[in-house]
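Novice: Chain by chain, the residues:
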Amino acid sequence: MRASDLDDWTTGTALDLVGSSVDRVDAVDKVTGRARYTADVQLPGQLTGVIVRSPIPHGRVVSIDTASALGVEGVVDVLTADDIDEISWYEDDAPLLPGIVRYVGDEVALVVAETRSDAERGVGALSVEYEPMEFLTHPDDVERPGAPELLGNESADEVEEDGRGDVDEAFDDAHIVVEGTFRTPVAIHNSLEPHGAVADWVGDSITLYTSTQGVNDVREQMGERLGLNHNQVRVVSEFVGGGFGAKQVAWKPTMLAALASKRTGRPVWVMNDRSGENVAAGKRNGTEHTVRIAADPDGRLLAIDADVRADRGAYAVKGEASAVSGPYLHLYQCARVRTRVRRVRTNTGPAVAFRAPGYVESTFVLESLMDELAGELDIDPIELRRRNHSSRNQQEDLEWSQPEGLLRSYERVAEVARWDETDDRDETDGEDEHDGLLHGRGFAAHDWLAASAMPPGHAGVEFNFDGSVHVSTSAQDIGTGTRTVLAQVVADELGVDISSVRLSLGDTSTGPPAPTSAGSTTVPTMAPAVRAAAAAAVDDLLDAAAEHHGVERSSLSFDGTHVKSSAAAFEDQPLGDLLSDLSPRVVHGWGGRETIAEDVSPRAQGSAVAEVSVDPLTGEVRVTSITVAPDCGRILNRRLADSQVIGGVTQGIGFALTEEQVVDHRLGVVVNPDLNEYLLPTVSDTCTIRHAALDIPDLRANPLGTKGIGELPLIAVPAAIANAVRDATGIRLHELPITRRRLLEAIASSEALDHESGDHR
Amino acid sequence: MSNELFTLRVNGSDHDVADSWLGESLLDVLRDRIGLMGSKGACTQGECGSCSVLVDGVLVCSCLVMGASAVDQEIVTIEGVAPVGTPSDVQQAFVDAGAVQCGFCTPGLVMAVHDLLERTGSPTDTEIREELAGNVCRCTGYGRIIDAVQQVAVRRSSDHDGGRGDAS
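Just so you know, the protein sequences line up as chains C and S, in that order. In terms of my numbering, the first sequence opens at residue 1 and continues consecutively. In terms of my numbering, the second sequence opens at residue 1 and continues consecutively.
This is chain C alone, in the form it adopts within the complex:
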C-alpha cells in the first residue's frame, strides 16, 4: 500500500500508543551492555587493521617501506596505494590511498595484524617518506590575491547564487540597514562510536558490519566501487553509536576493511581512533558570512543580502551540501533576497553534513542581525519576527504545509519561557547587584527544510503464526528511537499491544530499502511506510479470512485480537487460530512512502529563548536556561522527543560556547584532535532545558502529520545564546564559539571605545 492512500490520523483519531511515552524498546540491551555495535563484532579469525595517516598537510608520498612493518610479529598484511587500483573516493574521484596527500590525517596505508597491539606496533615500524608541498589551511590564505591554486578551488564565477527581487535597489533607500561579518567554527560530530567497519569477504560476496546512518547507501557505494551487485553486498548496522550526519556516506575505513578482508581471506576490523575521528571523519564546515539586512521603520524586512564562504576541507564528500543559504531565503517574508555561497578548499579534513548543516551557521548570523534590528528600532524581538512571518515558500511559491507553525512556536516559547512577564528589557539585562554577574536573555527563530521526508522508504509487516507481528525494513536506528516509534505506529494501526511487535532493521538483507537517516526525515518517511504496510497486512488478513470462511470480505473487520464479521453466522475468531488455519499462507503486507507532498512545501520551524549569566571579570558565560518550541508536527513519543530536545539543545550550547577545532596554520596541524581539548559539553555544562511542545499534526505533510525532530532543537540555540550575551553585556559577538578570550577581548575593546568617546559607564 502507498502511504498516500492512508486515512489521515487527525487530532480526533483515537491512538493508544502514538503520542505516549513508551519506553525505548532497546533500552535494556543498551544499559546492560548487550547491544552489539560495529566495534563489538568479533568473527572467528578476525584481524585488526590500523590506518596510517599523513603527518603533513600536503605532499607526495615518495615511498613506503612495508618490509619493516611486515617483520613485526603478528602483522599479516600492509595495504598501500600499490596494492589498490581503480578505487577512487570522495566526490573528487581521488585515489583511495592517494599518492599526494592533502591534509594531516589523509589515509596512506593500512596495517593488518592479529591483534590491535600488533597492528599498532606495525604502524610504528612502518616508514613512509614524504616530499612536502606548499599548503594552505586557512580559507583567508586561500582567497588572498596571488595565493597558489593548490586544490582546484572553485573560481569566482562558480559561486552558487540564489534569491529573488532586486536587492541593491532596496538598500539604496531603506529606512535602516543592519550589517556585519560573522564567523562560525569548524565543529566535530564526535559520535561516541567512531566510524569503522568489520568486513567479511567470503567467495564472491561481502558482509560489512559498519557504523552508518544508511545501510542501503553504503551497499550502493561499496557495490559500485567493488563491482558487486546488491545481492553480493550485505550491510549490517544493528546498533549505531551516534552519527549526527557524519555517518551518512561510506567512509574509507569500510573500504579498507573490505579490501584487506579480500586479500587476507579473513574478517578484518577497522575503526577510527578518536584522533582519526576528529581529523578524517567529517566536520561542520567553518563559515564566514557578510550580511546586510534592510528594513522599514516598522521593522519589516525589505531586503537580505548574504555572502557566505564555507571551508569544505581538502575533499568534497557526498552529503555535505551545506545548505547555508536556506535561512536567508526562507525564514522571513522578504521580497528581495540574494545569497552567494562559495566553497573554498583548504588542506584540512573533509566537511560533511552535521545536524542541520548550514542552518545552524546561518541562523546564528541572521538572527544576530534581527536582534540588532529589534534593538535599533526598539521593537520586542518576538514581535519583530511576527511582523516578518512568512506563511509560504517564497522561492517555490507554495504555502508551507503548516503556515502558522512558526507563529504557534513564538506563542508557546514566550509562554513557557515567560517572555512577556519581563517586558521592560532593561529590568532583566545588565549587572545584578548581588552576584556581580550580568544577566540577559535572547530569542531566535529557525527554519528547517527537510520535513517533507526522503522517499522512497519501504517496509513489510508480517503476522507470525502465533499472532505476533514482525516488521521488516532496512532503515536504521542511529540512537534516535526509530525502532521504538515505528513499533508504536504499527501497533496502533493494527490495534495490537506493542509487546507483540518486533522490528528488524539496520540490515540490508532483512528488509526492503529505506533511506539514509538524515535531515530528520526518518520519521516522516518511515512512519507512513510502516503504517501503510500494517494496513496492507490487515487487508491481506481479511482477504484470507473471507476466502477461508466463505464470507463477504466487506463484512469482516479486525480489532487487534479477533477477526469479526457483521454476518450473523460468523463467530469472532482469535487471530492466532485464524493464522493457524490459514497456514501455510503467510499473512503480510508491504507499504511504502513513494512521494512527497507537491501542492505545499512541508516545513519544520521553531524558536528558542536562552537565558545566560556572564561574569565580566572572567568572561565566563553560563547558560541558565534554554526553552525551545520546535514544530515537529505530531509528536509520536513525548519522552523520546524530549530526549532529542535536551540532546540537541546541549549540542547548541557546545557550538555556542566551547566547541571549535583549532588548526595551527603554520604547521597545518589540528592541535585538539581529542576529547581533552575539543570541548564537548559535559554534565557540568548543562542547564534547565524546557521543551515547549507544540504537537500540531501537519496532515498536509503526510497522513500521520509527523515531521521529525532530530535537527530542530539545535538550530536556533547558538543564536539565542549570542543574543542573550548581547542582552547581558551590550556586546555583539561576531564569532562563535563565545570563548572567555573572545568575550574578554570584546569587553576590553568596547571599554576602550567608551573611554575614547568619553562615555564612562
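Honestly, the hints are just simulated from the structure, not real lab data. Worth double-checking, as some hints may not be accurate.
These stretches of chain C come out as covered by chain S in the derived footprint (C-beta under 8 Å, 3 or more residues) [what the hints assert, rightly or not]: (1) 22 to 31; (2) 113 to 120; (3) 186 to 197; (4) 232 to 242.
By construction, the Cβ of each residue, glycine as well, lies at the ideal position given by its N, Cα and C atoms.
Fit chain S to the supplied structure of chain C, relying on the hints for placement.
Specialist: Positioned in the frame of chain C, the structure of chain S alone reads:
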C-alpha cells in the same frame, strides 16, 4: 615485549589470558581476550569514560590501566553489575528515566553512577555534575541521566535493603 599467561578475576570468575602483550590495556583484554564487549572504547585516551569499570572498588577508565596490572584484583564490568535478566536499580532507572539514546556511553555511565551512589548515598545536584563530568555523552544532553541518578538515590534511601545488584 613478552607474552605471558596471566589470570584476571572479572565479575567473580577467573579468566586466563594467554598470548597477550603485557602492555595491552585492560579494556582490550576485557573485550578482545575475554569477550566482554559491554565496556566501550570511544576515545581510548581516558577522556570519555565509556570504558569505565571497577577495579577493587575503584572506578577507572579501563583503557588507561594495563590488563596485566589488574591481576589479583576484583574487576567488575557492566556485565557484572546485575544478574542476566535482572537489571540493577541503576540500569532500570536509566530505562525508566529515558536516560539512553544511542547507548554507546551508557555502560560507562552506569558504572560511574553505581560508583557515585556507593560513595554518596544522596548526592546533591552539584555532586552529580562534578562526579559524572568525566563521562561524555553526545546524544542525551545529560538531563535524563541526572534524573536517573536522583531516582535511584530516592529509592535506595526509602528502601534500606538497598537496590538490587549493587556493583561492589
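Novice: Next, verify each hint and record whether it holds.
Specialist: Results of checking the hints against the structure:
| no. | hint | result |
| --- | --- | --- |
| 1 | 22 to 31 | holds (count 8) |
| 2 | 113 to 120 | holds (count 4) |
| 3 | 186 to 197 | holds (count 6) |
| 4 | 232 to 242 | holds (count 4) |
Violated hints are absent here; each numbered hint is respected by the structure.
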